[in-house]
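Enquirer: The primary structure of each chain is shown beneath.
Protein chains: 2
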Amino acid sequence: MNRAAPLLALAAGATLLQGCVVAAVPVAAGAAIARERFMQGDHDADKPLPKPPAGALTYLGPVDGKAATGMVMVPPGMQYLYGSGEAAAASLQAYRALDTYLMARASDRSIGHQVKSVVLAPGATLDAPKFADCGEKPLAVVFDIDETAVLNLGFEADQAKRGGEYDQQRWLRWEQTGGGKVAPVPGVLDAVEIARQAGVKVVFNSNRAVENAAATAAMLKQAGFGEVAYGDTLWLANAGEHGKDRRRWAISQQYCVIAQVGDQLGDFTDLFNATTPDVAGRRAMASGKNVEWLWGLGWFLLPNPIYGSALKGSFNEVFPNDKQWTDPADAAPSPVPAPVSTTTNGSVN
Amino acid sequence: MNRAAPLLALAAGATLLQGCVVAAVPVAAGAAIARERFMQGDHDADKPLPKPPAGALTYLGPVDGKAATGMVMVPPGMQYLYGSGEAAAASLQAYRALDTYLMARASDRSIGHQVKSVVLAPGATLDAPKFADCGEKPLAVVFDIDETAVLNLGFEADQAKRGGEYDQQRWLRWEQTGGGKVAPVPGVLDAVEIARQAGVKVVFNSNRAVENAAATAAMLKQAGFGEVAYGDTLWLANAGEHGKDRRRWAISQQYCVIAQVGDQLGDFTDLFNATTPDVAGRRAMASGKNVEWLWGLGWFLLPNPIYGSALKGSFNEVFPNDKQWTDPADAAPSPVPAPVSTTTNGSVN
Chain A
47 MNRAAPLLAL AAGATLLQGC VVAAVPVAAG AAIARERFMQ GDHDADKPLP KPPAGALTYL
107 GPVDGKAATG MVMVPPGMQY LYGSGEAAAA SLQAYRALDT YLMARASDRS IGHQVKSVVL
167 APGATLDAPK FADCGEKPLA VVFDIDETAV LNLGFEADQA KRGGEYDQQR WLRWEQTGGG
227 KVAPVPGVLD AVEIARQAGV KVVFNSNRAV ENAAATAAML KQAGFGEVAY GDTLWLANAG
287 EHGKDRRRWA ISQQYCVIAQ VGDQLGDFTD LFNATTPDVA GRRAMASGKN VEWLWGLGWF
347 LLPNPIYGSA LKGSFNEVFP NDKQWTDPAD AAPSPVPAPV STTTNGSVN
Chain B
47 MNRAAPLLAL AAGATLLQGC VVAAVPVAAG AAIARERFMQ GDHDADKPLP KPPAGALTYL
107 GPVDGKAATG MVMVPPGMQY LYGSGEAAAA SLQAYRALDT YLMARASDRS IGHQVKSVVL
167 APGATLDAPK FADCGEKPLA VVFDIDETAV LNLGFEADQA KRGGEYDQQR WLRWEQTGGG
227 KVAPVPGVLD AVEIARQAGV KVVFNSNRAV ENAAATAAML KQAGFGEVAY GDTLWLANAG
287 EHGKDRRRWA ISQQYCVIAQ VGDQLGDFTD LFNATTPDVA GRRAMASGKN VEWLWGLGWF
347 LLPNPIYGSA LKGSFNEVFP NDKQWTDPAD AAPSPVPAPV STTTNGSVN
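Quick mapping for you: the protein sequence lines, in order, are chains A and B. Just so we're aligned, residue 47 is where the first sequence starts under this note's numbering, counting upward by one. Just so we're aligned, residue 47 is where the second sequence starts under this note's numbering, counting upward by one.
Treat the hints as calculated values from the structure; they're not laboratory data. Please note that the accuracy of each hint is not assured.
Since the list can't tell identical chains apart, any single copy or any two copies may satisfy a pair.
To be verified - List of simulated lysine-lysine pairs, BS3-like, C-alpha gap at most 27 Å:
| id | residue 1 | residue 2 |
| --- | --- | --- |
| 1 | K267 | K176 |
| 2 | K335 | K267 |
| 3 | K247 | K369 |
| 4 | K267 | K162 |
| 5 | K335 | K176 |
| 6 | K369 | K267 |
| 7 | K267 | K183 |
| 8 | K183 | K369 |
| 9 | K162 | K369 |
| 10 | K369 | K176 |
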């Protein structure tokens with residue numbers, strides 16, 4: 047998660063640390079970890095987060111909003127996801143793939159062909175994937191909510207203005223009061239319409255808090271998603287709940303889940319987060335031959351470079367050793383040639 | 047573009063500016079603009095870039111690389127694109143859509159159905175799109191190179207370590223010497239294989255410099271893309287060249303371009319960048335009903351939140367006015383109730 051403001055603030059301390067920027071790392075990482083834990087359903091932060099030095103934060107707040115917003119630096123991830131045509135195109139592309147897939151699977155079902163669930167069955171592994179049986183259960187598509195179905199513009203605009211750490215309590219207040227300040231992700235409303243026309247139930251499985259179910263349902267309705275019913279088409283997280291598998295297995299009791307849609311790997315199976323693999327290992331799990339075929343064919347992923355489980359990794363975890371490059375302009379200068387010595391007879395050695 | 051290190055360095059100056067962070071904006075924006083101009087083919091920066099305050103940059107450099115890299119903060123965009131399973135999944139998903147599309151179009155051609163070009167014809171507009179005629183020209187798919195076909199790990203790792211501004215001359219040295227330090231984008235090599243097996247020519251159209259054609263061809267070969275021939279299957283930018291349309295029209299003289307693949311809107315048509323529309327306008331252009339159907343169906347977009355034309359926008363450009371949210375905890379405190387006055391007869395008003 048790019049939280050530029052605390053990084054700026056911390057540099058006052060960072061410059062005191064000779065030749066390194068380590069002071070800035072824990073806060074940004076801590077904020078990202080806290081946000082991710084929360085969104086994974088871990089509503090209790092079990093590890094204290096490092097705090098920025100006292101007085102270091104520049105709080106812009108809502109005072110004199112106009113002047114302040116003119117000077118707010120928007121983190122690049124937000125420029126990308128909320129501002130760019132590129133992210134709109136990526137989202138439309140993902141949702142077009144979903145549209146085509148839903149229509150094809152609904153058509154299979156209507157002519158009596160078997161359709162398969164894309165929920166990994168209990169006990170399955172990524173090396174040996176097994177999917178839940180569908181039988182004649184009604185078809186469903188399961189969406190995550192945040193940055194999958196809706197863009198949390200109001201919350202993130204506030205976050206961009208205020209900087210500082212991610213605040214779980216503020217997020218809960220956002221769930222309760224932010225209703226009209228979201229926008230649908232490009233392409234999602236057409237996908238929901240196509241699903242419903244094809245007889246595919248639209249279900250939401252989110253780590254938003256169960257206590258805010260009514261507000262979340264109202265938010266979805268206001269954003270154009272129609273009615274949802276908690277426990278049927280809206281599934282939320284209990285306090286301290288880790289992961290979404292329990293809920294997707296519960297959904298699979300009632301429905302044949304032919305597609306899952308999310309912005310983070312945990313929106314597809316908890317197995318991606320189960321054993322806290324190293325960064326490269328997790329990337330390999332998502333690309334492995336037993337599951338890679340699912341991307342765009344049952345598992346549909348929307349971009350989110352702003353927060354979440356994707357934003358992990360130290361330098362050595364993100365950049366492989368064998369891909370290190372040295373700018374030739376930084377190479378050591380050529381050694382000064384040794385002076386030529388002459389012998390007493392004048393010849394050169 | 048998230049260039050966290052210069053932001054950190056600049057805070058020393060930023061904290062002197064009461065209540066705002068404006069000092070940090072120009073450098074990050076300037077670096078992003080410079081990078082984008084370069085990648086658009088504008089090899090001459092025609093506008094001087096703001097420089098960080100003297101002495102403010104903490105240069106980690108390649109000295110004592112091991113200790114330095116342990117403390118290098120990786121920008122979240124790089125964590126996302128290079129490290130995460132999410133980005134791998136998004137890339138695999140985009141390339142799966144391409145695979146399916148290429149096979150379908152090649153099949154159409156093989157049974158005598160007409161196939162259409164996805165290159166907008168000269169004079170077409172996004173409101174009135176018209177595509178080049180294909181006739182019987184051999185089929186081709188056109189790929190951008192950077193962060194579409196290859197991940198520039200070596201260059202970006204160096205950039206993460208050194209911080210500072212994007213340096214165009216350094217990029218040119220990277221083109222010349224970085225050959226083995228890239229990795230193919232997840233999914234691309236399978237797509238190239240599928241294209242070739244389906245008889246679809248694989249062509250690269252990149253804003254890398256024409257002077258470095260041999261090095262770029264060698265880099266592609268070493269990364270598994272096979273042989274390319276400059277002027278046939280490899281198209282590069284002349285100095286000062288803006289945009290890619292001239293080249294894609296030249297490619298279309300020889301080939302029926304049935305698919306284009308890129309990470310920025312300019313990889314599809316220069317029209318997205320032609321009139322420097324405002325951020326929201328450009329996003330609307332990409333989502334407009336006359337072109338939105340192309341995403342995933344002829345135009346295939348790979349994620350890139352690290353640099354490029356997607357990383358634009360001030361606060362007010364990225365966040366619409368009507369999506370502003372005030373945290374209830376920030377609301378003005380309730381006014382203190384007026385004291386109750388009593389009349390001389392003791393009753394309460």
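Enquirer: Take the hints in turn and mark each one as holding or not.
Expert: Hints, one by one, checked against the model:
Within a single copy, K267 and K176 get their C-alpha atoms no closer than 35 Å, and across copies no closer than 38 Å, so neither meets the 27 Å cut-off. When the C-alpha separation of K335 and K267 is checked against a cutoff of 27 Å, the pair qualifies only between copies, where the shortest distance is 24 Å, while the shortest distance within a copy is 39 Å. In this assembly of identical chains, the alpha carbons of K247 and K369 never lie at most 27 Å apart, being 46 Å within a copy and 29 Å across copies at closest. Proximity of K267 to K162 under the C-alpha cut-off of 27 Å is found in neither arrangement, the shortest distances being 29 Å within a copy and 40 Å between copies.
Taking CA atoms no more than 27 Å apart as the test, K335 paired with K176 passes inside one copy only; the shortest distance there is 14 Å, against 40 Å between copies. When the C-alpha separation of K369 and K267 is checked against a cutoff of 27 Å, the pair qualifies only between copies, where the shortest distance is 16 Å, while the shortest distance within a copy is 48 Å. With identical chains, the CA atoms of K267 and K183 are at most 27 Å apart within one copy only, with a shortest distance of 26 Å there and 50 Å across copies. In the homo-oligomer, the alpha carbons of K183 and K369 never lie at most 27 Å apart, since the shortest distance is 49 Å inside one protomer and 39 Å across protomers.
Proximity of K162 and K369 under a CA criterion of 27 Å is satisfied in neither setting, with 40 Å inside one chain copy and 40 Å between copies. For the homomeric pair K369 and K176, neither the shortest alpha-carbon distance inside one copy (36 Å) nor that between copies (43 Å) is at most 27 Å.
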